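With chain S held as given, fit chain P onto it using these hints.
There are 2 protein chains.
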Amino acid sequence: MLSLESLDTPCLVLDVSRMRRNIARLKARLAPMNVQLRPHLKTPKCIEVAREVMQSPQGPATVSTLKEAEQFAEQGLRDLLYGVCIAPHKLPRVSALRQRGVDLMLVVDSIEAAQAVAHHSKQTRDAIPVLIEIDSDGHRSGVQPASGLLTEIGRTLMHGGAALRGVMTHAGDSYNKNDPKALIHIAEQERDAAVRSAEVLRKAQLPCPIVSVGSTPTAHFARHLDGVTEVRAGVFVFFDLVQAGIGVCQTEDIALSVMATVIGHQKEKGWILTDGGWMSLSRDRGTAKQSVDFGYGLVCDINGIPYPDLIVTDASQEHGTLAQRAGSSHQLPHLPVGARVRILPNHACATGAQHDQYQIVDNSNAVIAHWNRFSGW
Amino acid sequence: MLSLESLDTPCLVLDVSRMRRNIARLKARLAPMNVQLRPHLKTPKCIEVAREVMQSPQGPATVSTLKEAEQFAEQGLRDLLYGVCIAPHKLPRVSALRQRGVDLMLVVDSIEAAQAVAHHSKQTRDAIPVLIEIDSDGHRSGVQPASGLLTEIGRTLMHGGAALRGVMTHAGDSYNKNDPKALIHIAEQERDAAVRSAEVLRKAQLPCPIVSVGSTPTAHFARHLDGVTEVRAGVFVFFDLVQAGIGVCQTEDIALSVMATVIGHQKEKGWILTDGGWMSLSRDRGTAKQSVDFGYGLVCDINGIPYPDLIVTDASQEHGTLAQRAGSSHQLPHLPVGARVRILPNHACATGAQHDQYQIVDNSNAVIAHWNRFSGW
Chain S
1 MLSLESLDTP
11 CLVLDVSRMR
21 RNIARLKARL
31 APMNVQLRPH
41 LKTPKCIEVA
51 REVMQSPQGP
61 ATVSTLKEAE
71 QFAEQGLRDL
81 LYGVCIAPHK
91 LPRVSALRQR
101 GVDLMLVVDS
111 IEAAQAVAHH
121 SKQTRDAIPV
131 LIEIDSDGHR
141 SGVQPASGLL
151 TEIGRTLMHG
161 GAALRGVMTH
171 AGDSYNKNDP
181 KALIHIAEQE
191 RDAAVRSAEV
201 LRKAQLPCPI
211 VSVGSTPTAH
221 FARHLDGVTE
231 VRAGVFVFFD
241 LVQAGIGVCQ
251 TEDIALSVMA
261 TVIGHQKEKG
271 WILTDGGWMS
281 LSRDRGTAKQ
291 SVDFGYGLVC
301 DINGIPYPDL
311 IVTDASQEHG
321 TLAQRAGSSH
331 QLPHLPVGAR
341 VRILPNHACA
351 TGAQHDQYQI
361 VDNSNAVIAH
371 WNRFSGW
Chain P
1 MLSLESLDTP
11 CLVLDVSRMR
21 RNIARLKARL
31 APMNVQLRPH
41 LKTPKCIEVA
51 REVMQSPQGP
61 ATVSTLKEAE
71 QFAEQGLRDL
81 LYGVCIAPHK
91 LPRVSALRQR
101 GVDLMLVVDS
111 IEAAQAVAHH
121 SKQTRDAIPV
131 LIEIDSDGHR
141 SGVQPASGLL
151 TEIGRTLMHG
161 GAALRGVMTH
171 AGDSYNKNDP
181 KALIHIAEQE
191 RDAAVRSAEV
201 LRKAQLPCPI
211 VSVGSTPTAH
221 FARHLDGVTE
231 VRAGVFVFFD
241 LVQAGIGVCQ
251 TEDIALSVMA
261 TVIGHQKEKG
271 WILTDGGWMS
281 LSRDRGTAKQ
291 SVDFGYGLVC
301 DINGIPYPDL
311 IVTDASQEHG
321 TLAQRAGSSH
331 QLPHLPVGAR
341 VRILPNHACA
351 TGAQHDQYQI
361 VDNSNAVIAH
371 WNRFSGW
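Going down the list, the protein sequences come from chains S and P.
This note's numbering puts the first residue of the first sequence at 1, with every later residue one more than the last.
This note's numbering puts the first residue of the second sequence at 1, with every later residue one more than the last.
The set of hints was computed from the structure by calculation and includes no laboratory data.
It should be emphasised that the depicted structure is a prediction, and the values quoted were computed from it without experimental measurement.
From the three backbone atoms N, C-alpha and C, an ideal C-beta is built for every residue, glycine too.
What you were told as hints is all true, and nothing was included just to trick you.
Calculated lysine-lysine pairs in the DSSO-like style (CA-CA distance at most 30 angstroms, straight line): (1) Lys-67/S x Lys-122/S; (2) Lys-289/P x Lys-269/S; (3) Lys-289/S x Lys-289/P.
Examples of chain S residues lying across from chain P (beta carbon under 7 angstroms, computed): (4) Lys-42; (5) Val-84; (6) Ala-87; (7) Pro-88; (8) Ala-113; (9) Ser-141; (10) Ile-263.
Next comes chain S alone, as it looks inside the complex (with noise of 0.2 angstroms):
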């Protein structure tokens, strides 16, 4: 076993304790619920993580790329939906995936994506399984709930070719709010949405047998998730500063951190300056529009101890700026040259894209295993 403090920085850093109560909260929540869990994969790009968080090695889960898609699948992954709308020239690459015993799902949302998806069925002699997004909170892609496009869609598909096997939607806009009543509301309506449209394509006598919803904020703060087959969330696993903001976590549940080594201060300013810049905690400034601002990130010991109100103020590529946040009565902790720091992230999708490793640590904080990530298309 390695200390933390053997390791190079920065680098990436998975407590896989908390990780795991993250994974067993949201599985216990959905048990008596009687939905599956597809996990969206998209957030940890890593075989381990995805194995933790499965309910088989098979699947189900959730891809962001193909490439996910190809990786999970060469580690044994079979059940797989593309989470995004597919571009028309990819259809070779699921093909592919398919012809290799993967039931890879696709989504779309018009007219003429359906009609790629069913001409390439139709030519290729397999007919694509197809989910028809639903826009349930007008924040991204998707059809109205409940609208008539659906069925034109989902007959294009079944005439032309393709498997129609059902609704997805995904309430994005959830990201943005933060009182329990709010999320209880999204989650309703995206139930709802998915539930309504599901609804008007079996009407028209077309399939529908997966109704799936989720995020990470609405798996966790839905009432209940009748009509729905199955939850998507991805985060929830490592979780963030933004969910913390949002109020679906504690920042005690965070488990991914960057750690980072002091390099200097500039003591009149009250800065100390890190080896932890913006490339390895990414650019994403998710807390700037929540009620409390974490700049790049909040900065904890090398324990992950969170220090009262330090946070990275600022980022270059490979430089952090700690300062205590304006107004805190707490004084600068000392923080020699050389002293680590653990930096939690404000959006961990965003964070762990910037790292090929997770170095994974325990409940006392030995590094206990390095799980590769991947990255790219």
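Positioned in the frame of chain S, the structure of chain P alone reads:
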């Protein structure tokens, strides 16, 4: 030769003609100033780009991580400055590179770090060469120009067994300017801080052969560089929207773009959705504080010609939302599902870092090569 249409998306496209024009421009500017260019390779992280910009295959060059130093050393570079104040635990990696014949220089801005380098130098019987960082604009690290601390650090290095090689500064605050007068002023402030600091060292009988300054804005706006021996600049090889906003380049000079594919529309809202989200563009919102905010980037057609006022207004991990800038009188272009666009980035260093390869295009936008990038620490 491949066409851009034959590539999968999102991917990183580098217009090599624009890059060469940008490099030639800065070299022509510096030639009469009697200074050497020590380009910062943190932007490209690519040996082919490094060779285009360096004066010789051995360097000189600047790096922001020891990984960059190691990767470039493997490709034959021998004259390197690691431009971030050294964390003492990294010194064994520094020594390993120096033992391979790399003249790797370090930076310190404190007695503590100077002591650590001196101690390690003595232990390894290798006088590690060091530049003292000067804080020329109050934006980050460095000692006050011409301060007494300079000679203290210099003596700590020299008497302790390390080698003082000079001073360096980076006027990072130039990124916050946008008029020529202010840029000329900050360039002169940067030059003056470095030259005055060198004089202080020399008066104290300390060696100071190198006087190193540089940022892309100041390198392009300095009226003269008397007393300076070398200029470090990095992002000028590619340029980006932030540099255009500062006034260092035109949009037409930006050599880097992310190619993405249209995956859907929200027609009532005037939105076009693509597969180019923040994972491919980076989370950098550098133009948010400039007079023209480009969201996550300026949208061009596949040949790199900007659509008037079409920007990436929002981004999630693998989705980009394109829309006309508020108040625009231009119509949304017709971009059906499957259409390709190229997005000029806010910040080339951050966007490049999200990719592991450059797709190299010539004047006619034919793909003539793939150049690899590396990442990590």
